[in-house]
Amino acid sequence: MLGLFSSASFNKPLYLYSLPVIWFASFYPNTLKFLKIDNTLGYNNVQPRSNNAKNLRDKLPAETVAQLERMEGAHNNGNEAMPLWFAAVFAGHVAGLDNQWMNSMALTYVATRFIYNTIYLHFNNIWGGWLRSSFYFFGLSYPLRILFKAAAKLNQ
Numbered sequence: 001m002l003g004l005f006s007s008a009s010f011n012k013p014l015y016l017y018s019l020p021v022i023w024f025a026s027f028y029p030n031t032l033k034f035l036k037i038d039n040t041l042g043y044n045n046v047q048p049r050s051n052n053a054k055n056l057r058d059k060l061p062a063e064t065v066a067q068l069e070r071m072e073g074a075h076n077n078g079n080e081a082m083p084l085w086f087a088a089v090f091a092g093h094v095a096g097l098d099n100q101w102m103n104s105m106a107l108t109y110v111a112t113r114f115i116y117n118t119i120y121l122h123f124n125n126i127w128g129g130w131l132r133s134s135f136y137f138f139g140l141s142y143p144l145r146i147l148f149k150a151a152a153k154l155n156q
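Each residue of the sequence shown is one higher than the one before, starting from 1 at the first, in UniProt numbering.
No wet-lab data here; the hints were simulated from the structure.
Note that this is a predicted model, so its numbers are computed, not measured.
By construction, the Cβ of each residue, glycine as well, lies at the ideal position given by its N, Cα and C atoms.
One should not assume that every hint holds.
Pairwise CB distance ranges, derived in the manner of DEER restraints [as the list claims (entries may be wrong)]: (1) 57 to 83: 26 to 32 Å; (2) 98 to 40: 44 to 50 Å; (3) 137 to 24: 21 to 27 Å; (4) 40 to 131: 27 to 33 Å; (5) 41 to 153: 51 to 57 Å; (6) 63 to 84: 28 to 34 Å; (7) 156 to 52: 47 to 53 Å.
Using the sequences and the accompanying hints, generate a full structural model.
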């Protein structure tokens, strides 16, 4: 296990593993929503699109609906951010950017996505919203930096 994190390993393109991890970061808030609905009302698998917070307002307490909305928001935001990350990873790989640099970018981006989700799911106040938005824009800088660096390298 220790060998996985040795400096020799960090020279390999480990950043490619960030692709399924980022998919998971996008997917798990929706799984939490499914479990919450299933444990309270029962999940409607015949019409799964009806299992959203808006449709459940009359059936659940307001606090639970707000929590479901945050889960939906975290899931949707992850789906919206995912294509940019995937494009950045592929562009960086094709451009032959330094593996150590790409790995550090990937680790930091993955961390920001999980921190973002944690704040989104668990902090329901104005300061939590501002903190969440700050992490979103901080995280957004990582795929953009990769894309610009890859473009610059390919245009040399």
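How the hints compare with the structure:
1. 57 to 83: 26 to 32 Å: Taking Cβ atoms as reference, residue 57 and residue 83 lie about 31 Å apart, which means the hint holds.
2. 98 to 40: 44 to 50 Å: For residue 98 and residue 40 the Cβ distance comes to about 49 Å; the hint holds.
3. 137 to 24: 21 to 27 Å: Holds - the Cβ-Cβ distance for residue 137 and residue 24, about 22 Å, lies within 21 to 27 Å.
4. 40 to 131: 27 to 33 Å: Holds, at about 28 Å.
5. 41 to 153: 51 to 57 Å: Once the Cβ atoms are compared, 52 Å apart, the range 51 to 57 Å for residue 153 and residue 41 holds.
6. 63 to 84: 28 to 34 Å: At roughly 33 Å between Cβ atoms, residue 84 and residue 63 fall inside 28 to 34 Å, so the hint holds.
7. 156 to 52: 47 to 53 Å: Cβ of residue 156 to Cβ of residue 52: about 48 Å, so the range 47 to 53 Å holds.
Of the hints listed earlier, there is not a single one the structure fails to meet.
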